[in-house]
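Protein chains in written order, with our numbering: chain A, 149 to 781; chain B, 1102 to 1335.
Any given hint might turn out to be false.
Ranges between beta-carbon positions, derived for each pair [what the hints assert, rightly or not]: (1) Leu647/A - Ala1139/B: 16 to 22 Å; (2) Ala1139/B - Met581/A: 21 to 27 Å; (3) Ala701/A - Arg1172/B: 55 to 61 Å; (4) Asp1293/B - Met581/A: 28 to 34 Å; (5) Gln666/A - Val1331/B: 30 to 36 Å; (6) Asn1206/B - Gly624/A: 44 to 50 Å; (7) Arg1172/B - Ser740/A: 55 to 61 Å; (8) Asp491/A - Thr1235/B: 41 to 47 Å; (9) Arg648/A - Ala1321/B: 34 to 40 Å; (10) Glu1260/B - Asp491/A: 34 to 40 Å; (11) Ala1321/B - Pro620/A: 42 to 48 Å.
No wet-lab data here; the hints were simulated from the structure.
All values derive from a computational prediction rather than experimental measurement.
Virtual Cβ for every residue (Gly too), placed ideally from N, Cα, C.
Read off the chains here:
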Amino acid sequence: MGKVVGIDLGTTNSLVAYVRDGVPVVIRDESGDGLVPSIVSVGTDGTIFVGREAQRRLLTAPASTVYSVKRFMGRGIEDVHEDASLLSFAVGGEPGGVVRIGIAGREFTPPEISAFVLRELKRRAEDHFREQGEFDFEVDRAVITVPAYFNDAQRTATRDAGRLAGLEVLRIINEPTAASLAYGLDKRNRGTVAVYDLGGGTFDISILKVEDGVFQVLATNGDTHLGGDDIDRLLTESVLADIAGPAARNPAYENQEDVGRVPRSGPAVLIQAIRKAVIQAKRDLSEADETEIRVESTGLPAGYSRRITRADFERMIMPLVERTLGPCRQALADAGLEPKDIDEAVLVGGSTRIPLVRRVVHELFERPPHSDLNPDEVVALGAAIQADILISGRREMLLLDVTPLSLGIETMGGVMSKIIMRNSTIPASGREMFTSFADNQTAVDVHVLQGERELASDCRSLARFRLRGIPPMPAGMPRIEVRFQIDANGILSVGARELRTSIEQTIEVKPSYGLTDQEVERMLIESFEHAEADFEARLLIEARNEAETVILATEKALRRPDLDRIAAESLEPGERERIEDALADAKRAIGSDDREKIQMKTETLNQATRHLAEVVMNRSVREALAGKNVNDV
Amino acid sequence: MTPDPIPLRSTSTLECRNCGAGAPVDEHFCPQCNRILALGRYGDFFTFFGLPRRLGLDPQDLERRFRDLSRKFHPDYFYNAPPAERLASLERSSYLNDAYRTLRNPAARIEHLLAVEGLPPAASDGGSVKVPPTLLEEVFALNEELDEIRELRESGGDEAQLRARLEQARAPIARKREEHERRIGELSDRYDSQAGSPAAERKTTLEALREQLLEQKYIANLIATIEREVATVG
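Chain B on its own, in the form it takes in the complex:
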């Protein structure tokens, strides 16, 4: 069971099931009769929110849009509606919730952008098995240190000392993470500034973002490993 790329429905227009009028695929409501439309496609969360495809976004503005759209789509308000509209409300609300959860989280937002721009995903949870080349040194040092700490623990080493060593081991990894976050921020800004640039340039930026995201996930796993060790020490 591999994650599936987001299937885009090929339709470019929707037909309103109430009045039969055509509507652009990303419309929420029929321009003719104002009834809620069935979800046109699974695709671009940015468009769904009426936002440009940019990585920088104002969280408060996003939240406001989420509340406004919730007020329009929520099944609470379609209790008396015909079945087709009830279904559309359910679909659209579910999709809205998914879209909000995704765009609110910066890493998930980049993932989503990669997907809608047709790039392969930056690996599903767990991260890639291969150590990113830029992290080889740190990972090697960390593994050695963790092995030593585990040995010490098993032979009944001093807890405070073990904790201190774990903190020390965490520091370079945490620095790497900050570095990556900064880098991802820079690349995101660059992507946003390339709106009018040739597709190839934008793609280069996206590729770089994807690399950073992969590494960031790897780092997150390393930090989780350290946290687990800290928990074992008690």
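Extracted from the complex, chain A is given alone in its bound form:
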């Protein structure tokens, strides 16, 4: 058996954590960074870039670079038009089906894109375990978190992504609940806790009762389309409006790779440059009262910059922040509580760093909210704890979560008939009786829905299926019991039985916004076929990193104030020029996707600088030793 990890698969960033000696820890890269940007980019030759590398490509190859894909998980093209207008990559798909993302001449579904991020996290964890000297370093199982307000299709899409990444998904758990586990570990207290989770793309509120190690969610609510991305979009649109005209219509920004079926309101490179600038400004304003939105490449000679105060910013985003209040009040009402009944309010998600958000939460719950744990990391830590509970079988802590949305079926007249109510503790099951309307009818169609609205057409369509094999009987005689089972992941399964004959029915569920098992299988096979290209991408990144290291060291050496003296005293004629040429070559090579060229030029630069490095080293040693007695050394 391999290793087990907890994964926070975020809209903006993703993290992987595990429990070491009873303590959850985030796995970091060499520079101590735990965050992997949830960004995937495809090179012209098909290589896949993930994380920071892909993030860099947002500015150079925006049409081939996908971000915030979590917003498309388990959704249809009709859901995402609003976002699509400002995206720099192409999205499409049949109405009523899964969203398709077209990049670099290939088409991907959101679970496939997420799988690339998961594979990167898996690899990061495996590298870590290998470095720790673990013999069995393979990571094969994971707990993955989702927003509490994710519906069945979104959860299933996340589980599919895990499978595509070669992970057995032990459990899908809700982000706010995971966060409460991480908090609960420290405190071991009891009481009623409100977890306010505003991330990059989603908002959740969960009200929990913690007692005796049992974390019982009383109610949850949220908005799977509300988060930092919306703030960024608001700011981006306002900057675009400022500079509309000259730059936005600059033909230089027309995109070659544009195969989009959704109209876009601006050229991709410009939008990405603006997006980068406004995100920086947004972050600045969590600390400073005033900052500048500075866009480097607007196509205008002087670029673009605009001062923005925190008050301006707060005025702009107030409507968005206020949208979180309705769900909070609904969750309180569903839990049968008043704000004063909340013992603690906890902040989760990067967007809760915004002072306005903190103020609003403080006012709502009438107490200052906690943010003792890093709001970016706390969810991954909780996922790691849950993974540990699952494999160890330890029973000190238990999460009892709820289903965020009511589950039902469409009945006569297009009305939604609820079978499992929202905020029911999961696992939960419900049963419904069906019968036939015509003599000898052998099949009945069932339409499964999720949502709170009265009309089926206003609820989310989860699946349609046909009950077959009903024994021929007069109309109204068959008694078919359909069982709906929501498991601990919040994912639905359906079973049916004719009670008079005890005949089990065959059910083929066609997910409305999901992939069929066959599609997942096919993608798995394809991902093996692409594995070589992905491996190549990995090598390319490593080669590039290596080149960067050598380039930086060389530049540093060439900047030495005493370089002229060194050259005169110790270097051969022309040696310095050879180094400078090799440096220029290496810098050119690093911009290409040609790994062998990068490696060759790096090696050439390495050779060219070897003598200089020795000379510099000797000088340093001599200087260090100068004036010192042998005994001091």
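Based on the hints, put chain B in the right spot on chain A.
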């Protein structure tokens, strides 16, 4: 699609799928090998919690039992178990959650008792269309008042005044509700005290409870109607 009476499986004993030993139908774990048992029947939530079939119960005790049973059944702890046990854990946890949700809520608890005692349910949500005789007077007065208020609103009547009238209309209905709650409390106590009494006496009490429950639902709908009006006034 009508709500179906709770089907009781006719079995009175269970067979452990692990060791084959027999177990009483309401046991959670095999007395022989201690493995989790498949759910024996859909039936009595009281028995499932190890409680007597009484309407008065201590919510804190119920919550404690819920937590204890959750710790025993939850799928988290059966991750490595054979498929049959995993399924049993899923079934039993789902059932436990349903049972807890039902018994925690006093009205749902009475409904459940009616069902396990073999009485017809006190109508599904929405309540019966027929006005309960004891409420005729109030319903008549309320409907007249609501009509007037609606007319006033449409002709641009003063908001504060409209709200005041709605409050006034609510008062007698709210009093009725309190009356019913008290009555339901009394009947529940009576039922609990009749544990040793003849079945016919208990049944009379249950019938009375069922009537009260029907009326209470009707009242809840009336109050919801008033709330909707209040919301329209703004």
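Going through the hints against the structure:
1. For the hinted restraint 16 to 22 Å between Leu647/A and Ala1139/B, the CB-CB distance of approximately 18 Å keeps it satisfied.
2. Separated by about 22 Å at the C-beta atoms, Ala1139/B and Met581/A satisfy the suggested range of 21 to 27 Å.
3. Separation of Ala701/A from Arg1172/B is about 58 Å and conforms to the stated range, judged on CB atoms against 55 to 61 Å.
4. Taking 28 to 34 Å as the suggested C-beta distance range, the pair Asp1293/B and Met581/A conforms, at roughly 32 Å.
5. A C-beta distance of roughly 53 Å is found between Gln666/A and Val1331/B, which places it outside the suggested range of 30 to 36 Å.
6. The beta-carbon spacing between Asn1206/B and Gly624/A, approximately 33 Å, falls outside the hinted interval of 44 to 50 Å.
7. Remark: the range hint 55 to 61 Å for Arg1172/B to Ser740/A is upheld by a beta-carbon distance near 59 Å.
8. Under the hint 41 to 47 Å, the C-beta atoms of Asp491/A and Thr1235/B, about 43 Å apart, fit the expected range.
9. One distance hint, 34 to 40 Å for the beta-carbon pair Arg648/A and Ala1321/B, holds here, with the actual separation near 36 Å.
10. As the Cβ distance of Glu1260/B to Asp491/A is approximately 38 Å, the hint placing it in 34 to 40 Å holds.
11. Distance hint check: the CB atoms of Ala1321/B and Pro620/A are about 43 Å apart, consistent with the given range 42 to 48 Å.
In this structure, the hints that do not hold are numbers 5, 6, in rising order.
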